[in-house]
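Chemist: So the protein lines, in turn, are chains A and B. The working numbering applies: residue 796 is where the first sequence begins, and numbers increase by one. The working numbering applies: residue 2 is where the second sequence begins, and numbers increase by one.
Derived from the structure by calculation, the hints contain no laboratory data. Predicted model only: the values in this text are computed from it and were never measured. Worth double-checking, as some hints may not be accurate.
As the list claims (entries may be wrong) - Coverage of chain B stretches by chain A, computed from C-beta distances (three or more under 8 Å per stretch; other residues unrestricted):
1. 39-45
2. 51-59
Claimed, not checked - Cβ-Cβ distance ranges computed for the label pairs, FRET-style:
3. B/4 - A/971: 18 to 26 Å
4. B/10 - A/945: 22 to 30 Å
5. B/25 - A/1047: 49 to 57 Å
Said to hold, decoys possible - Going by beta-carbon spacing under 10 Å, a handful of chain B positions derived as facing chain A:
6. 4
7. 6
8. 16
9. 18
10. 70
Where a beta carbon is used, it is the ideal one built from N, C-alpha and C, also for glycine.
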Amino acid sequence: MSKVDQIDHLLEEVVTLPSLPDTVIRVTELVNSPDCSLAEVGKAISADPGLALKTLRLVNSAYYGVRQEVTSIEHAVVLLGEKVIKNLVFTAMVFDKFKVGAGHFLRHCVASGIAMRSLAQAVPLENQPEPDELFIYGLLHDVGRIVFHEFLADEYAQALGVAHEKRLPLYQAEREVLQTDHAEMGGRLAKNWKLPEPMPEAIAHHHDAAACDTLATVELAAMLSIADHMCALSGFPSEPGVCTDVTPEAWQAFGVDSAQIPAILDRFLDNLPAVDELLRLAE
Amino acid sequence: MQSGDHAKVVLVGPRSNPRGAVLVTAPADSSDKAATIPLLDHLDQLSPDQVLEILITQERAFGSGLLAPMEEP
Chain A
796 MSKVDQIDHL
806 LEEVVTLPSL
816 PDTVIRVTEL
826 VNSPDCSLAE
836 VGKAISADPG
846 LALKTLRLVN
856 SAYYGVRQEV
866 TSIEHAVVLL
876 GEKVIKNLVF
886 TAMVFDKFKV
896 GAGHFLRHCV
906 ASGIAMRSLA
916 QAVPLENQPE
926 PDELFIYGLL
936 HDVGRIVFHE
946 FLADEYAQAL
956 GVAHEKRLPL
966 YQAEREVLQT
976 DHAEMGGRLA
986 KNWKLPEPMP
996 EAIAHHHDAA
1006 ACDTLATVEL
1016 AAMLSIADHM
1026 CALSGFPSEP
1036 GVCTDVTPEA
1046 WQAFGVDSAQ
1056 IPAILDRFLD
1066 NLPAVDELLR
1076 LAE
Chain B
2 MQSGDHAKVV
12 LVGPRSNPRG
22 AVLVTAPADS
32 SDKAATIPLL
42 DHLDQLSPDQ
52 VLEILITQER
62 AFGSGLLAPM
72 EEP
């Protein structure tokens, strides 16, 4: 069975993909629409009191650096603009949905978001999303693990065992056991959620950047791979004790040389306090 | 290293110290001493992957505490 068939089989026979909350779908549709009004975006978020509250807590966090206290969603939308608000809503949603494992998974997702933001700030690339948008790429890059964790727990545990025993990166062990990996599953889920391209493709290939269709997406997938690895090395692994890697092709695609690494690490360390702050808001 | 030579990395202090991380290269022959060179002056001799791993390990061992210390194996 080919990889694509294997994923299709999993999706049709085994897994019911988790759906996005209605509010998140509505906000994404509004923000992507050319005639979107800020008032409508505000109303859509306010319709979900839990999400609205979490969004307000995020707006008022030091991470977003808004000087005045924001007490209404409508005010937040006007102040930050609809794109930032969309990112906030996604972050709030992830905090609700990603509470799998012993907390280290959510920590890895948030740290990866911060790592993506840091990479973009240290090495600005042309024709790529803004650093705050890239935060969402990092936040969601391992979303496929949720599917494995919830629907294929035995096989996932087996893959973890193989990764430990053979000292393999988890995506390679997943391919051995499941004939697919969390990246491909995550890309499928992102597509199912109708997240705009190139996010689904970058997520799908974050361990295989060269397989992306366009150069811009190859760069994004390579960045995700580097952010993922940087977080694992820094003590924010998605699975403790499992090794990670970045292919030489991914380093080449991102286009950094060794002399730029200290600046990247400095930027990551500068941004790192935001991880704990964001996680506190998730509680 | 990129040159094909082999070296060991020795971490002795924080990244703010230029000699906090050094490369120790094997002597060319038995009469020579091993050379010790600061890592930061020779980053081009290593791949980005190697530099990232070394600097993060150094930060976890000698940094300001933003990263958790390495666990004993």
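Chemist: Compare the structure with the hints numbered earlier in the document and write down the numbers of the violated ones, lowest to highest.
Modeler: Hints 3, 4, 5, 6, 7 and 9 not satisfied by this model.
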